[in-house]
Amino acid sequence: MKERITLPDYIMAVVFVFGSLGLLSYIGGNIQSDVINPVEKAFGDFELTDIVFSYLRERPGVDTNIVLVNIGDLDRAGIAEEIEIINQYKPKVIGIDAFFRKPKDAKADSALSSAFSKVENLVLVSKVNRYNEEKERYDTLELSNPIFAQYAMSGMSNMISEGYDAFKTSRTFSTRENVKDTSEIAFAVKLAGIYNPEAMKKLLARGHETEIINYQGNFDPKVTDQAKSANAKNVFTALDISQIFNEEFNPDIIRGKIVLMGYMGPSWDKITWEDKFYTPLNKTYIGKTNPDMYGVVVHANIISMILKEAYINEMHADIDYWLNILLILINIYIFYWLLINTGIWWDGISMLVTLFQVLILIGIVVYVFNGYNYKFDITYALVALFLIANLLEIYYNIIKPLYRRIRKRYLYLQRLKTSKAL
Amino acid sequence: MKAKLLLFPLIYLLSNVSFAQTEMFKVLASKGTNKATTNNTDWKPIKVGDKLTNQEKITLDENSYLALAYSNGKTIELKQKGTYEVSKLAEELKAQNSSVSKKYVDFVVGEMTNQNDDINKNRHKYMAVTGSVERGGDDISIESPKESFVLSGPVMVKWSHVNGASVYIVEVINLFGETIINEETKGNSATVDLSKVKPADQTNLIWTVSVKEKPSVKSSQNLFKFYSQAKSAELSKEVAELKKDLSQQSALNKIVLASFYEQNKLMLDAQESYEQAISMEPEVDDYKALYGKFLQGNNIASVKQ
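Protein chains in written order, with the working numbering: chain A, 1 to 422; chain B, 1 to 305.
One chain only, chain B, in its complex shape (with noise of 0.2 Å):
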């Protein structure tokens, strides 16, 4: 009798389980109405970290939006009301090559996806936040990492808005305190272009942000590190054959990019692309608490904000 009632668990239990199914994705972000299928009649909620098998069916309605991971490191997003079969959307991906951004998407996939992690067996990941205040900051405070390595190329900065300011002046100088870059502009950010700056000056370089018409009130000082030449060239390299592989313009590919970003301490760049796969779906909340997990490393942001 009793084995009987095991049995209805264990068919309910095999029944979402086939030995001939494979692995092909796995859910990075979901937003709305997300639904997965095995046989057209029982349509699950997908969640961020689900998997999903080649027998499976995904239905996304409208205004809905899910980022995948494929097993060889591609990307796809999907945003249009519909059906899709996994199987298909794996034919899609797996012919291309991503050799550079799969061990950056695998990242991503780790960061996302961590719900079961031991908090205490992986303590160092979970040691961002003190809960202590800050009294006395900056008249105009750095809303971007104040030290971060940076390539040959333009880099955005951005700093909070003071009241009564109209023109700002980041200047970047070197050790010695000889300018090398000085703008003004009108917002409260700023792209420095660092292409601009000779190889001889590429050392560490202090930049800052005053008002124009109150030159006292000013940041910290902040620092632009440059890498080796060698070093430089390199991740340079890898940047494009990267931005190569994950060409298409979408949220996701912008997220694995911080991420190679933010593995090679190129801070500021990370932030920007932080921001773009935001600003590309500002809806998704999986993107916006990656990105605070961001801001906390580099206390741009406290438990307060």
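With the rest of the complex left out, here is chain A (with noise of 0.2 Å):
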């Protein structure tokens, strides 16, 4: 005959639970302990999510829409060169990440603005700086020099990332921001919204202040076999500054596309980290490691992210948090059944019990967010699956026996008193 739980104490057991489980979370929230920092530290940006980035998902195969051409080292004149071969092929949009802010050499400037006035759609990048936070918006817009903004929309092109001498990882964008009296939108929104005006419209609907980078891919000169390299997922067509001089390439690749020009190092035969972020593709996810992706890509990725409206969706703050409650509240029913009714069996059980739930929640998180694009996070409830069994033990073994003790010694006083009375 199998033990049943009774009300009152299932809810003495939840009380148990959910206040040991805050004692320990304020005790972990005040100490400093040799063991938990490093692991902390190493951790600290790391996202059960980033193994679907940089090891499960497939490659989604080459983005058409985009092509990558590198400014490498080239000066104004370079670049005008670079833009007047591009801008033959007729391509849809020109974005270039990079600014011009000070008139220089007049004849490379003369050269740069003119290459610039035969481009149909060119966005410049733009940074917005000083945020004022009584005014909750910014104070300052910088923009290349009008001499060459004149022809140019304009689109911010600042990261969420620490980016000085720090190594968080680049995992979202801001849409837009507010600026003085105007707003400006991010710049490979502004790209988008160029190539496919309907596309950028439902990324503005979606109404979100920053959205979750949905990393396609990045673009690796050195990796000539693929599959071999899952890191290396080269979803962009790229061209290098010769090729660009040379005209080696296919026109198609450019008619009618967006091209993307930005640094991505002086050529594809030096490799460089500068001017890169870390990303969620970088495959080693845990620990300090070289930074795996120029800001140039990581402006392309959001483009093909917006283009093919594949949106990370997150779960409400306050769903996600009742969700993290529900799990710990079956589990505790769980545990707590298992553990008046299994006997010698246990330790046993529960440990298998709980070896086996982690896995299968950690292979939901995962599956939902490779299948699905939507991100929910159940790590509350995974740490307090560790520590259920073993909290309920002690509730079982010691505290109930203890309640039930005070609890008679308060009644049999009670009663003396009562008789005493009489």
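No lab work stands behind these hints: they were computed from the structure.
Just so we're clear, the structure is a prediction, and the values are computed from it rather than from any experiment.
All C-beta atoms, glycine included, are put in the ideal place defined by N, C-alpha and C.
Some chain A residues judged to face chain B by a derived CB distance under 10 Å, without partners named:
| id | residue |
| --- | --- |
| 1 | D75 |
| 2 | R76 |
| 3 | I96 |
| 4 | K127 |
| 5 | E142 |
| 6 | T172 |
| 7 | S174 |
| 8 | F187 |
| 9 | G262 |
Please assemble the complex out of the two chains, which come individually in their own frames, going by the hints.
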């Protein structure tokens, strides 16, 4: 005959488990432990879903809407020359991930300005700067010099990343920011909007201040055998400086497409980590490693995501919270039932159930993210899962008998008092 | 059985925490081998962001450095090899009043220990980087904030060296193009004494740098901005109080001062204070990282640099 759990007993167990988890969480947040710190530091920037980006997700195939062009260390005259060549093949829009703030050499400036004037749709980067906490908007919008900017639209190229002397991964981007009396749309969003206005409308209709970047892939000229390097995942057509100048490309890769020009190293013969960001595609996602993606490729990934409408949706924080609570409540019931009904098998069974559930829950998170681009966080439930069985043992073997004894003693004293009064 | 097993980690965790312990200091910067203990046997390395309680002892090795912020806003730097009791260090600082500096010390604490900050919720703090490159800069690249509020006093401006140049001219003009200050210097920095500027001229002033031998080689136009006289007097008073609070010449105090200047948009003064802090403790990476953020926010350095 299996023993049943009464409601008051279950409620007391729930109160004890949540109280203990709260206490442990308080202690965990307030101690500095040698054991915890290195682990926390190494895993601090790791998310479960990184496994999907770096290992599980299959290459989506080449995105033919976008072509990347390296500007290397070219000066303004050199960039003008590149643009003149590219423009012959009628791209839909050219975006340049570089600033041209000051007038410089008259001849080169004139050449660049002239090249810009011939481009049908040109987008230059801008930078929002000096956030005003009181006004909740930026004070400054930095643009290229008017002699160049007059032929271009602008798009904000600020990344959400620590950037300097830190290794936080670039996971999200801001779709638009308020600057003075206006707002500035992100560089990648602007380019995607010119190429496909409907796609941009859909993005903005989502009303998210930030979007998670659904990384499609990277660009690595050194990788010729993609099958052997899941990390490289070359999904963008890219042209180096010499390939542009020698016109070593099929015009169809440019005609009617988005041409995204930016710095991707001095040339593809030289490996450089400068101007690169850490992304979830990085295969070494635990601990410090080398940054893996040029800023311009991050923009390409955002454009690709917008055009494919392959957004990552996140569970609302409140629902996520209640999902964690529900999982904990279910597990308290399951483990409590096992504790009072499995006798000598309890240790083994509880261990197996814990491990089985951890694997299943991680599997579900990864599967849902990989298959449906939907992200939810069950970290609290997973941590609780490791502790529930032990906490219930304490409750059942120590707290509950103690409570019974105290209650019995209290009732006895009450009865004694009553009988004396009589 | 399992309950007993659970007791081990619980005892371990609880051994690290005594509810009688009071948080005294927060670690702002650390260099070298610094360790802390509560029981004289179990020494743990000290890291930036750690909290030190009144029951702890700390030890520093040769050439180590530790910058601590006390709960009342006072700061202390430890550089000498030896063992220190946290409670005694706290006693030294307890009586000292630091109402002015506390706000800025708290700000620095937040800036230097924000590893667990939610990057999306506080995205504006993390959007200083673009990754975009710059093509075609100035002949003379200015290495100071190009726009800064100033108080009436000396400020330092810096620029990059130009090959072949031996003498530079720093010129300050008003919006009518009239020269207010014109100074020659041989290095690639100059201290401009703004106390020479008459109150009537204290609006926006443009400053440039050019090479004396080749006047066509010059920098962009940069801006000194002046607050109203009332605001300026208020800030000057606050600076004086803060300097009194932070009278000890230490790198950490310079960092706190820099944060005051930065928050009040006195960017040139902030830069000078950051650089003084780094020159005092050149091997403390935490200060360099903070200065790096400042430089990026003011477009003085790119990701590449």
